[in-house]
Amino acid sequence: MRVISRCVPTRAETTVGKSRAWLPALGAAAAAVIGAALPILSANAEDAQIVTIGAILPITGLASTLGPVERDALTMAVEEINNAGGFEVGGHHYKLALKVLDDETNPASVGVSGFRQLVDVDKVPVLIDAVGTRSYQALLKRSPLPELNILDSIAPPSVMTVDPHVFLLRTDVFGYVPGGVWYLKNVLHKERIAFIGSAVDAYSASIENLVKQAAEQYGAKIVADVNYPGGATDFSPFIQSATNAQADAIYLGGVTQEVLPVAKQLYQSGVRNLPIAHSSGATPTQAKQIIGDPLYNDVMANNYDFAGTLPELSNNPATKKFFNDFLAKYHEYPDDLTMWAYDAPFIVVGAMQAANSVSDREKIYQAMLQMKVPPKTISEWVPAEGGKLFHDRNAQTLSEGVGWCADKKTIAPVFVYRLDGLKLTEQKVVENGCKGR
Amino acid sequence: MLAQAVANGVVLGALFALLGAGLTLTYGVLQVPNFAQAGVITLAAYTMLWLNQSAHWSFWLAVLGGLAMGGVVSVLTERVAYRFVRTRPLAAPVVALGMLLVLDNIALVLFGGDHVSLSPPYAGDVIHLGPVSIPAVGVALVATAAVSLLGLYLFLQRTRTGRALRAVSQNAEAAAMLGVRLERQYGIAFFISGILAGLAAFAYGPVYAVFPYMADAILLNAFVVVVLGGLGNVVGAAAAGLLLGLLESFGAVYVSAAYQTLIGFAVLLLMIVLRPSGLFSSGERRVA
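Same order as they appear, the protein sequences are chains A and B. Under this note's numbering, residues 1 to 437 are what the first sequence spells out, in order. Under this note's numbering, residues 438 to 725 are what the second sequence spells out, in order.
Heads up, some of the hints might be wrong.
[Unchecked claim] If you want the footprint, here are the derived chain B segments under chain A, 3+ residues with CB under 8 Å:
#1 443–451
#2 511–520
#3 544–552
#4 688–695
These are calculated hints, taken from the structure and not from any lab test. Positions of the beta carbon are idealized from the N, C-alpha and C atoms, including for glycine.
Turn these sequences into a full structure, and let the hints steer you where they fit.
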């Protein structure tokens, strides 16, 4: 387990001058002594104590397209909170620090040791997690603390069933996959859908399940349903299954690193006129990197991606600002996951303030259940009853389908929607979305 | 459907044959199951990628650079690792796996874990032969395998160095007594194996993606090819590669695509039980 990053206030913020250079050292020594009782807090010269929150993210491994940008977004939010002066809880002044560990997309072994480090040794008050929650069930039962999952939308069962302390900071697959099938059937008028997914990826399996349910509900037919085995790199037999079944649309299951190579081989095999739908959240940057330049522009031309709303396409000035700031700072396209990750530290701070505690895990948990949408969040959360952030521990946004603008080599909205089960409760088909890009 | 399955199988088989030939060559002369070949492929692919995209070499020059890197890295694996286990064959698989981990992690440290694309100029082209569609990258793969394997065969049969390699493979001590320099032959075998790894990187990289573990899984299929073709038998590896590719392709279409990989390993188990010396083996150690 490697510490990937540690975002703490800068030296300039924590020291008062060279002549008193020994003071922080003394403070640190004192903090070390007191640390056994209050290890999450440390003093600095401005009387602003530091609260460390923990995050376990897939920085490497299969989900490595997701973890690093989420880490960057969390770091950016923590820096902004601290640059604005930190926050007040119970009349005390605090700054936030972030300790990120890499689970190597292997939560069952690497992630578990990271959980023990952050929760049992570092005693963080809140844990932010991505792919590991399902592996931490026993650990959460033994050491309960509020855990914000910012990635795992696999359902059923939802990640929230793992433990009552788990919050999901995004919409789960029920909230966006059926919208993709609805769009294929009702807007693109496609009725024969082939599904190609991964046999070893639970996310792909949950998409497959929902695509089949949604197709039945909306009157489309699944004409081929194939799952390639783990480690497969040649998808030609699976592509052949789809073409043999005379599909008029293809839905791909899996994450970006699974979906884009299949899309590439579909194109290379001559499948060029069928709409290719998926729910990967692939960004233009990732498409260029994984498919290659200039091929990616042709491969992506018929792609439709149905997931959360994207910050670039938002009309909210704060969300737009986040998009531009993040892109400028990290040179990485911020997607829905990035936006949700950015909001997580603001939610944690809001819960601590409502709980009037930076260390009491149970009080923070209770406050989180009741908290309203924090004002500085930028994800345009759809509030629950009474303006609460969480709908039974699930924070939700609208979902969005995006298409590809070949002339601008980027994405544009085609469909914005909200689902209640398989029923669309809000829907807006966006015509000529590329014109606004 | 049948014709498309044959075409898919030939493309897959060509890849297996190319990978299998490199493995069987090093096994023939040193009796090492060279798992590190997957790491050599990865480093060759990254070299091509870096030369093409960062150093802005033309794609074809970058490929030559990658081939050279493949040869050099492969020779290094022999010089720094395998040479110490020549007389300890039981240790060889462990050393080979260790070398694979070392090479994969060198790639991970140098280039990161992201999937990136190696894109030749023909990456988006497709060849239509009646009802059959074959990606141009697949055609390039078949052509590369055919030319490479024919060249390797002619080299082993028609050149003095090739005959020396075969002699070392059949009986190293006798070859040494007749004046063949063993160290040199081991180096040549690994260099050629590295070039074949580079060719595999060139042909296979554009099909999927380049990442640190890009060849680890596919190399297992290549070992099936080596066993099927007879250990140390280059011609057998080529034939077995094609056979396995066709079997997997037909199995995927007529049984279930989900069992594609399983078919290869089922064949391996059958071979080990029924004909452990391989389909094309004469019962003697050899390279040819």
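Going through the hints against the structure:
| no. | hint | verdict |
| --- | --- | --- |
| 1 | 443–451 | holds (count 3) |
| 2 | 511–520 | violated (count 0) |
| 3 | 544–552 | holds (count 4) |
| 4 | 688–695 | holds (count 4) |
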